[in-house]
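Colleague: We have chain C already, so just place chain P on it with the hints.
Residue numbers (the working numbering), protein chains in the order written: chain C, 3 to 114; chain P, 43 to 157.
If a hint is listed, it holds; no wrong ones were tucked in.
Result set (EDC-like, lysine to aspartate or glutamate): computed pairs, CA atoms no more than 20 Å apart in a straight line:
no.: 1; chain 1: C; residue 1: K101; chain 2: C; residue 2: D33
no.: 2; chain 1: P; residue 1: K120; chain 2: P; residue 2: E53
no.: 3; chain 1: C; residue 1: K59; chain 2: P; residue 2: E145
no.: 4; chain 1: C; residue 1: K44; chain 2: P; residue 2: E53
From chain P, some residues computed to sit far from chain C (all C-beta separations above 10 Å):
no.: 5; residue: S49
no.: 6; residue: P50
no.: 7; residue: E53
no.: 8; residue: M57
no.: 9; residue: Q59
no.: 10; residue: E60
no.: 11; residue: I68
no.: 12; residue: N94
no.: 13; residue: P96
no.: 14; residue: E104
no.: 15; residue: D105
no.: 16; residue: P112
no.: 17; residue: Q122
no.: 18; residue: R127
no.: 19; residue: A130
no.: 20; residue: V156
These aren't lab readings, by the way, just hints derived from the structure by calculation. Ideal Cβ placement from N, Cα and C applies to all residues, glycine included.
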Amino acid sequence: QQQVKQSPQSLIVQKGGISIINCAYENTAFDYFPWYQQFPGKGPALLIAIRPDVSEKKEGRFTISFNKSAKQFSLHIMDSQPGDSATYFCAAKGGNNRKLIWGLGTSLAVNP
Amino acid sequence: DAGVIQSPRHEVTEMGQEVTLRCKPISGHNSLFWYRQTMMRGLELLIYFNNNVPIDDSGMPEDRFSAKMPNASFSTLKIQPSEPRDSAVYFCASIQAGTANTEAFFGQGTRLTVV
Chain C
3 QQQVKQSPQS
13 LIVQKGGISI
23 INCAYENTAF
33 DYFPWYQQFP
43 GKGPALLIAI
53 RPDVSEKKEG
63 RFTISFNKSA
73 KQFSLHIMDS
83 QPGDSATYFC
93 AAKGGNNRKL
103 IWGLGTSLAV
113 NP
Chain P
43 DAGVIQSPRH
53 EVTEMGQEVT
63 LRCKPISGHN
73 SLFWYRQTMM
83 RGLELLIYFN
93 NNVPIDDSGM
103 PEDRFSAKMP
113 NASFSTLKIQ
123 PSEPRDSAVY
133 FCASIQAGTA
143 NTEAFFGQGT
153 RLTVV
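Next comes chain C alone, as it looks inside the complex:
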C-alpha cells in the first residue's frame, strides 16, 4: 500500500512555464513534507520542505502549497528552465519516525 501518491508520472513544460507536481498522503500523523530533486547519475537532494503549520512555502522559483484538510501538497516551479529537468520526489514522515515515505517520482522535462 503506497501511502504517498504522486502525479503526474512525467511532465513536459516549455521554458518559462509553470511546472506543477502533486502528492496526496493518507497518514494524518505525517508532519514533514519534503521535495527532493534528482539529476541523472546523482542521488536525490533536498529541494524544499514544509511542515503543516503553514499552507505555503516559497524559495526562489520553487513553492510548496499544502492543503491539510485535503491531505495534499504540491510543488510549483515558476519560470521553468531547462536546468530544472530532473526527477522530483515528494515524501512524508511523521513525528520521531526517521523513515521517509516516498512518492514514485515525476520526470520533468523543460523544453528550451
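Modeller: Then chain P, alone, in the frame of chain C:
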C-alpha cells in the same frame, strides 16, 4: 565534508556471485538508510540504522540481502547470491537525527548489474 560516499559506483557481476556495496555516511550523522531505486518501483527503503543499530529492515526483499553497520562511519549491504532482478541503483543516505534538521543526504549511488 565530502558528503555520503558510496563504493563502487558501478558493479557488474554474474548471477550467483556475492556483491558487497559500501557506504560512508557524513561524519556526525547517526541515522543511515539503504535504498534501492528502479524504474518500476521507484525508491524503496531497504533498511535503516540509528546509532549503528538496525531499526527497520522490513524493506529487505529476501534473506539474500543483509546489511551491517559495524561503526558510525561505515556500512555494507551484501547480496548473496545475486540475481538479475537485483539489478538497480542502490543509494545510501544519512541524517543528523535528533536535531530539527531532518534533511537526508544521499550518496551518488551504486549501479548494480547482475548478468
